[in-house]
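Novice: Below are the chains, spelled out letter by letter.
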Amino acid sequence: GNSVTQMEGPVTLSEEAFLTINCTYTATGYPSLFWYVQYPGEGLQLLLKATKADDKGSNKGFEATYRKETTSFHLEKGSVQVSDSAVYFCALSDRRNYQLIWGAGTKLIIKP
Amino acid sequence: SAVISQKPSRDICQRGTSLTIQCQVDSQVTMMFWYRQQPGQSLTLIATANQGSEATYESGFVIDKFPISRPNLTFSTLTVSNMSPEDSSIYLCSGVPRGNTEAFFGQGTRLTVV
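Quick mapping for you: the protein sequence lines, in order, are chains A and B.
Whatever position you read off the first sequence (first residue = 1), add 54 for this note's numbering.
Whatever position you read off the second sequence (first residue = 1), add 312 for this note's numbering.
Next up, chain A with everything else stripped away, as it sits in the complex (with noise of 0.2 Å):
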């Protein structure tokens, strides 16, 4: 079945620091990808997505490109703010019932 694994947290770094946070799946055919982002206290946001292989997708300067050969999605940032500690979710969606597939979910703290 489908499944996604991302790597586990928490993540700390500093202030200005390049962050990635990796994302692999397992899938048949071809599902659509996403980042969503938990901030304290709050509800899911979609951060970005890719629908298919080599889109890139991008949004508030993270970003993540859609790799089918290596079955990946990992998220990237050039220079992580305090304001981006979060809990960061990588899921695929199955097209045939839009039902998404979770990863464990990482936990992301950025210090001053």
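Worth flagging that the hints you see were computed from the coordinates, not collected in a lab.
Just so it is clear, CB atoms sit at the ideal spot from N, CA and C, and this is done for glycine as well.
Honestly, I wouldn't trust all of these hints.
Listed next, the in silico DSSO-like pairs over lysine-lysine satisfying Cα-Cα at most 30 Å (straight line) [unchecked claim]: (1) A:K131 <-> A:K110; (2) A:K114 <-> A:K165; (3) A:K161 <-> B:K319; (4) A:K114 <-> B:K319; (5) A:K114 <-> A:K131; (6) A:K161 <-> A:K110.
Not everything, but these chain B residues come out facing chain A in the computed CB check (under 7 Å) [said to hold, decoys possible]: (7) V315; (8) Q350; (9) S354; (10) T413; (11) A415; (12) F417; (13) G418; (14) G420.
Got chain A sorted already, so can you dock chain B onto it with the hints?
Specialist: Frame of chain A, contents of chain B only:
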């Protein structure tokens, strides 16, 4: 996009009682889902809310415990019945608007059962 209003945002309930959570979407959504999120963990799908028919439940979740209604394309409710402390969690609804591929989420309901 879609804006999903979920209420209540939080509640503290006595064991043995029931709580109904409501989600209102500002546009028609094709699919609506209900999730549970235990503290510090990922999301677990409870069920898919089907418009005009019975919800489709995931393994480990049953209709008697989590009855769901979806009377139209913009509204759904989840009831947590006969609550116990193990039901303490965050409950989230989400919807996929027509023509979209991504899901939008309500703000969540933080439930504490005492």
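Novice: When the structure is checked against the list of hints, which entries are broken? Sort them ascending.
Specialist: The structure breaks hints 7 and 8; every other hint is satisfied.
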